[in-house]
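Engineer: The residues making up each chain are set out below.
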Amino acid sequence: MAKVLVVTSGKGGVGKTTSTAALGAALASAGKNVVLIDFDVGLRNLDLVMGAERRVVYDLINVVQGDAKLAQALIRDKRVPTLSLLPASQTRDKDALTDEGVSSVITELKEKFDWVICDSPAGIERGATLAMRHADVAIVVTNPEVSSVRDSDRIIGLLDSKTERAEKGERVEKHLLLTRFDAARAGRGEMLNVGDVLEILSIPLLGIIPESSEVLRASNLGSPITLNNPASAAARAYFEAAKRLNGEALDVTIPIDRKGLFGKLFGRRAA
Amino acid sequence: MKILNFFKQRTSTAPVARERLQLLLAHERAVSGKSDLIAILQEEIMAVIAKHFPVEQEGITVKMERGEVVSTLEVEVEIPTPMCPSFPLPANSAPSDPSEPVSIEPETKMARTGS
Ligand SMILES: Nc1ncnc2c1ncn2[C@@H]1O[C@H](COP(=O)(O)OP(=O)(O)O)[C@@H](O)[C@H]1O
Ligand SMILES: [Mg+2]
Numbered sequence: 001m002a003k004v005l006v007v008t009s010g011k012g013g014v015g016k017t018t019s020t021a022a023l024g025a026a027l028a029s030a031g032k033n034v035v036l037i038d039f040d041v042g043l044r045n046l047d048l049v050m051g052a053e054r055r056v057v058y059d060l061i062n063v064v065q066g067d068a069k070l071a072q073a074l075i076r077d078k079r080v081p082t083l084s085l086l087p088a089s090q091t092r093d094k095d096a097l098t099d100e101g102v103s104s105v106i107t108e109l110k111e112k113f114d115w116v117i118c119d120s121p122a123g124i125e126r127g128a129t130l131a132m133r134h135a136d137v138a139i140v141v142t143n144p145e146v147s148s149v150r151d152s153d154r155i156i157g158l159l160d161s162k163t164e165r166a167e168k169g170e171r172v173e174k175h176l177l178l179t180r181f182d183a184a185r186a187g188r189g190e191m192l193n194v195g196d197v198l199e200i201l202s203i204p205l206l207g208i209i210p211e212s213s214e215v216l217r218a219s220n221l222g223s224p225i226t227l228n229n230p231a232s233a234a235a236r237a238y239f240e241a242a243k244r245l246n247g248e249a250l251d252v253t254i255p256i257d258r259k260g261l262f263g264k265l266f267g268r269r270a271a
Numbered sequence: 001m002k003i004l005n006f007f008k009q010r011t012s013t014a015p016v017a018r019e020r021l022q023l024l025l026a027h028e029r030a031v032s033g034k035s036d037l038i039a040i041l042q043e044e045i046m047a048v049i050a051k052h053f054p055v056e057q058e059g060i061t062v063k064m065e066r067g068e069v070v071s072t073l074e075v076e077v078e079i080p081t082p083m084c085p086s087f088p089l090p091a092n093s094a095p096s097d098p099s100e101p102v103s104i105e106p107e108t109k110m111a112r113t114g115s
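Chain order of the listed sequences is A and B. Counting in the numbering used here, the first sequence runs from 1 upward without gaps. Counting in the numbering used here, the second sequence runs from 1 upward without gaps.
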């Protein structure tokens, strides 16, 4: 049974697109058929993070409006054959996305893929509610910081009211993904710690992604962190999160990059 | 000991963040849960006013604002000026009470739009 997953947050810049790419690649590497949909119309970025920006011909709006077939718009990943991308439009008006159009695209994708992952735009407006509309599962991406936690709370409210499942009286399965986490700063009390955020938002924890320069390197290169540097702490955290999404019961850990001073000095030169 | 406390105060801001969030979200959840109430109020107030004036659905806004001691329910109704009867204003009540929730005086309306 195909699952529709929305990666959402309310706040921008918290790591939705990064997480969509990383988790999508992790699930696909584990043999699942995965499609990533960029819902950020006008500000598309998922193609760039995936390294597919030069291969975009048609986009989600073309498909919704019937100007292109779904098969023409899907971009198959060159590294992982079971991973595809449906890019957003960079130029078109986001009002071109109709409810029925999105609904029929998702229905069609559910026939072909195991996971349909929707990368939500920031905000709580139409773009964000369209992205979550058909979700069975939601990942609420949150940074350990007051404004991000507040916005996540708003989004959780929307997941419980504005989704198709909510309207039918069913539940959307919600998971918290804590990203850009700095264990040292949380330990010193400079940043909300994991327990604080969990207690406030009270949804189950999918994973903790450490703040890491490896994430930036990966996006510079146009490769999800789970493909670009699978051994890095952030990638390991994403792999674990992907396993939990597939129903494996694993304890949540905070992976760390084991780099001493030596490693840091020479890691720099090797980069 | 003092120095330790000093450092603790300087760096441990997370508990403050946590407390502020808990307070704020408790309130925001209550309000968003009741946003239906605001919609119902809006509809009912609208029905009452519509008995006397031709008002549009968009011409009425109902807002709940939370203050520390009292909260206010703000109701604003826009009525096309030609439809407004000219009330004979009692001499001493001319400057309208700012806490008056419903304002239907054409003068007030004009002053607010700044024209
Ligand atoms: N774990 C992380 N460590 C360091 N930087 C990160 C991490 N996650 C995301 N970022 C960076 O944060 C920025 C915003 O991430 P992005 O995924 O585009 O957020 P969103 O899609 O929520 O707006 C990007 O520059 C990204 O590289
Ligand atoms: Mg994004």
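Simulated from the structure, these hints should not be mistaken for laboratory data. The beta carbon of each residue, even a glycine, is placed where N, CA and C say it ideally should be. Treat the hints loosely; a few may be bogus.
Looking from chain A toward chain B, a few residues come up when the C-beta cut is under 10 Å (computed) [as the list claims (entries may be wrong)]:
#1 R154
#2 A183
#3 R185
#4 A186
#5 R188
#6 G189
#7 M191
#8 L192
#9 D196
#10 E199
#11 I200
#12 I203
#13 S213
#14 E214
#15 L216
Engineer: For every hint, state whether the structure bears it out.
Structural biologist: Hints versus structure:
Proximity of R154 (chain A) to chain B holds as hinted, the smallest CB-CB distance being about 7 Å (cut-off 10 Å). The interface hint given for A183 (chain A) is violated, since its Cβ lies 13 Å from the closest Cβ of chain B, which is over the 10 Å cut-off. The beta carbon of R185 (chain A) is positioned within 10 Å of a beta carbon in chain B (closest approach about 9 Å), and the interface hint is therefore held. The beta carbon of A186 (chain A) comes within 7 Å of a beta carbon in chain B, closer than 10 Å, and the hint placing it at the interface holds.
Proximity of R188 (chain A) to chain B holds as hinted, the smallest CB-CB distance being about 5 Å (cut-off 10 Å). This hint holds: G189 (chain A) has a C-beta 3 Å from the nearest C-beta of chain B, less than the 10 Å allowed. With a least beta-carbon distance of about 6 Å to chain B, the hint placing M191 (chain A) at the interface is held under the 10 Å criterion. Of the supplied interface hints, the one on L192 (chain A) holds, with its beta-carbon coming within about 5 Å of a beta-carbon of chain B, less than 10 Å.
Contact between D196 (chain A) and chain B, as hinted, is supported at the beta carbon level, the nearest pair being about 5 Å apart and thus within 10 Å. Among the interface hints, the one on E199 (chain A) holds; its C-beta lies about 8 Å from the nearest C-beta in chain B, closer than the 10 Å criterion. Checking I200 (chain A) against chain B by beta carbon gives a least distance of about 6 Å; that is within 10 Å, so the hint holds. Because the closest C-beta pair between I203 (chain A) and chain B is about 13 Å apart, greater than 10 Å, the hint is violated.
With 10 Å as the threshold, the beta carbon of S213 (chain A) stays out of range of chain B, its nearest partner Cβ sitting at about 24 Å, so the hint is violated. Checking E214 (chain A) against chain B by beta carbon gives a least distance of about 26 Å; that is not within 10 Å, so the hint is violated. About 25 Å separates the beta-carbon of L216 (chain A) from the nearest beta-carbon of chain B, more than 10 Å, and the hint is not met.
Going through the hint list in order, the structure does not satisfy hints 2, 12, 13, 14, 15.
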